[in-house]
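Asks: Spelled out from the first residue to the last, the chains are:
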Amino acid sequence: MPPSPTERILNLAAFLNDRRRAGVTLDEIARSVPGYRDDADGTDLVPQSPEWEAVRRKVRRDFASLQDEWGITVTYVEEQHRYRLDRAFFTPGERKVLIAAASAVAIDGLDDGRPGAIGSKVDDQAAQIVVAVHALVDDFRDAIADAVPVRFDYDGAVRVLEPWALGVWRNRWYVAGGDPTRDLDMRRFRLDRVRVPPTGPALTPAGAPGSVVRPDWFDEARAFDLDPNSWGHDPELEARVRVALDHVPAFVDEFGATVVERGPDHAVVVLTVRHHESFLVRVLGFRGHAVVEAPPVLVDLVRDHLRAVAAGGGA
Amino acid sequence: MAALTHAQRFAVLREVLAIAEERGSVPLADAADEVGLTTEKLRAVLEPVLFLEFRDEEGELVSLSGAFLLDEHDRLSVDSGHWLRDLTVTPPDRDTALRLLVAATHVRALVPTPVPDLDRAAGKLQRHLQVILRMPVAPPPLLDVVQSAHARGRSIVVRYLSDGQDEARTRELLVWRVFAQWGRWYVRARDVTESEAKFFRIDRMLEATVGDTAFDPPDDAEGIPEWFDLSANLRTLRIRVAARALERLPSPHRIEPVAEPGVTEPGTVEADVVEVDVIVSGDRHRDHVLLSLPPEAEVLAPPEAVEHRRALAARMLAAYE
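Chains as they are written, first to last, in numbering that gives the first Met the number 0: chain F, 0 to 314; chain A, 0 to 320.
Only chain A is shown next, with the shape it has when bound in the complex (with noise of 0.2 Å):
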């Protein structure tokens, strides 16, 4: 292996540093892993933050070392800050600095007082991005209540209200993790009266308590989802409406095109008239479409939905004669 620049010695101990300090401590084979040197190689490297030497004022040669401990198990870790980082006077790169303040506003929402700390931080991160970034994070009511259950190893008792059901049905649930993704809150949970953990929001629990079961959350290996797998819910409805009318539509669904305006019908012109397919998730959402329609828009399929749509109506219509 090529001998290291001096950069690349530095670019070595940054990272392996930010580890340490980060991480609390690591095995040196895995930090060298990292940075792609050996472990022999990176013990090298290290040697000078591990041993710092200055003369005092009595011009006595001073060994300073415990900012950063390589023990006989060879595990970095450090002791009593990075004291490198504590030096450092250049704000963090643009991308860093984003990426800090997006973590530290979530964080901020989140936490039940103050953080004196986070919130200078966040504001010199805001001052030096120098945009103005708006952020609205709003934790559901009831996440304390299922945080501090999980954190006990206690069940909780919800009321809760499934997509597109009408009422809400009382479940005992065991929370293997509790986690926010796309702006919104889950837990992924056991029903003790099922055998497989589900993933259930947070903001559908119209009640929660900490129940009586107590049990001990396991690994939960699958780690949060990249993404839900919905595709058996997707619902397609064709339907010939006046372009600007979808912009009405509830979200979310998706708009496929099947004919340009003025010519679904060949012959005829029908300014401003598109055929569209609409893709919603869930029979709800469906419903919500087809509700939404102006009246005069056309569904075309699926052909069962005509009538259902005008059944919809007609049931809401009854709360109202």
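Okay, chain F solo, but in the shape it has when bound (with noise of 0.2 Å):
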């Protein structure tokens, strides 16, 4: 009984397979994977000859269900007449990590891939790390990839933007791109305030496909670090803090500061404040655990806001 086209398939892929270091010609396609040539012993196909002909369309047409089907693409070799495997995308090794990383985090809000794609089926019952990505990511990745210009409802207002990048900071993702009314001015927004309407897309295209060049002076890292204190703008100053024992963590996780003293209930510690009101908000949020000692100005400007509000301010 002649091979199923689904056998006849999957032979020939096993078949060049076997071959991949020599490449095969199509008389040994025909010859060697059953379901090319009724006799298989016969002489060899004569270039051009109805036989050559129905073999060769055939076999195209199979390695085009190849390529379609399992992403398996096959290069023919002019000089040499043969027929040869093209390199993988991904090594064995490289998908086998893959694959673990896959079953190791969970994520939420992303499509789903094609079916029976990498990491597709793992068991991620077992998975230490759940990540949310924000639905939002997929249709700016699409832009970012086509280098499209969008145009998107933020907070109530229209905006356009040449997306260059997306990226998460504190748990919240964001796009960085250029502002095309404002001389390509890097902007960033957060992607849980632009508008998903009822009905119809969220970003919608504001140019054309491959219209979108990314600077050269943009730097993700930068981009993506939305700490008032990197970039603010206020006259530079090292604060020094002294910090109770038990919130030094955090206090240190909160403003990247530098410990520079320990003692057996505090420590001290240093940082560079470009933002004088936002270190004032995120100092008080340490209560008593945190106290400002250096220099005079920014103790003045804690000291103040405390006089004024314990002093009943709006009351």
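Hints listed in this document are in silico derivations from the structure and should not be mistaken for laboratory results.
Every clue listed holds true.
The calculated lysine to aspartate or glutamate pairs, modelled on DMTMM-like cross-linking and capped at a C-alpha distance of 20 Å, are:
1. F:Lys57 / F:Glu6
2. A:Lys197 / A:Asp215
3. F:Lys57 / F:Asp26
4. F:Lys57 / F:Asp37
5. F:Lys95 / A:Asp78
6. F:Lys95 / A:Glu14
7. A:Lys40 / A:Asp73
8. F:Lys57 / F:Asp43
9. A:Lys40 / F:Glu6
10. F:Lys95 / A:Asp92
11. A:Lys40 / A:Glu14
12. A:Lys197 / A:Asp218
13. A:Lys40 / A:Asp29
14. A:Lys197 / A:Asp162
15. F:Lys95 / A:Asp94
16. F:Lys95 / A:Asp116
17. A:Lys197 / A:Glu171
18. F:Lys57 / F:Asp38
19. F:Lys95 / A:Asp118
20. F:Lys57 / F:Asp40
21. F:Lys95 / A:Asp85
22. F:Lys57 / F:Glu77
23. F:Lys57 / F:Glu68
24. F:Lys57 / F:Glu27
Using the hints, build the complex out of the two chains.
Replies: Written out as structure tokens, the structure reads:
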């Protein structure tokens, strides 16, 4: 009984794999893989003959099927008259670690890929990490890959952006890009503030695909550092803060500060302050466990604020 | 059941062979359920990959089997790699590539030494996607100790600073599960002095050492929670404040407008002044918001928050006077 098309195509792939070094001729395929010739032991195929043409068409159809269904592609090397498998995208080792990664990290918020794609069938019950990806990451990713400007509603205003990169800061997703109305000044938008309409897409094209060019000066590490202390423009000050020992790790994490002294019940940390108001607000979060010791201008900032609030302020 | 088309057969094979590779092995009946076929129908679809045939250079028919195995217990397994995937030239579709890149990025941040295969794979995905995706992943410093204790079935002794507390306290915890959710690492663990397991944030552990108590971590049937019910901790403050001052309020919080700018007092115009409810989780965040408001902001409710705000500021001020 002749093999089914499924059998024939899989056998063809296995045969190409078996001969991947040397490659194979059309005649070798016809003789070696069941389903291409009625008489596998017959004489060689005569180029341009009706049988040769029929086998060639069938092989090419099966190559197309291998490409569409399995992503396996074959190149015909003209000078050798041989077909060769192209190099795989991932090595088996790379695929193995990606599958392990996919089983360790469960991802919420992204569309599923193609059925049967790598990592689609892992058992993520044992996943250690759950990552939430904002639903609009997909859409912005496509816009960035297609280099197309996009228009969207942000906090009630229509914005146009040439998107350059996606990133996370403090567990929130942002897109960074150029504002075409401001000479491509960099702007960043929080994805959870982009309005998603009840029907229709949240992003619409605002230009031609391929028209966005990411500038050379773009620095993604800085783009997604949204700490006001990193980009503030207030006069730069070196702050010295006394922090109760139990609160030092949280303080260092919050400010990226450096511990310079450690006593029995407190540590002294130093940091550079570039945004005075945000420094004040964040220090207040530590209540009495963080006390600013220097410089005087920052001490006064905190003291004057507390005095005014303690005095009743707006009540 | 209608006969499967050629494309449908390949789609079934893609899924079932992916299961076999990614889970190591799978009962045929379970795989059949996943792809919506009967076991017998799936068995027939699988046959071509279980028994491959072609002729060798001498013209002898070679039967290849072994890459995918269906054993006598009807369990499908993959023995020496998924050879069809080994040949796949085209990169993953964009959705799959993004999922894999996110997963790879997180794992790369956690492994103690670089994994060249993982680094190369992540690089290929990044280039394929043509997007810059910045996802800083910073595991807490004590994660290693916690994972080690969990893996060894030993308790951990920690100094733990609970939210809103002034001082840390020492606890001995039996860790049932270690996981990361919403960018933070947690353990689900039972304090040896308590009967119920709770969630603890690893970044709030100031010190951690592997303890002396040995135990067999139970199967944590609850899995990783999709969310923590913090509704009992929600605190609402009604304030009247300049709209621009809302930007300086510490996160996280939710703001619900009560009155629009300029209409807080009928008949008067107070440009840029808004009346809003600020909803936060926990007393510590409520206190932080109260302290962070500009002095001229008014706290309207609850009434006791007015005095509480003054007292908080006075207490902090003592350290500066």
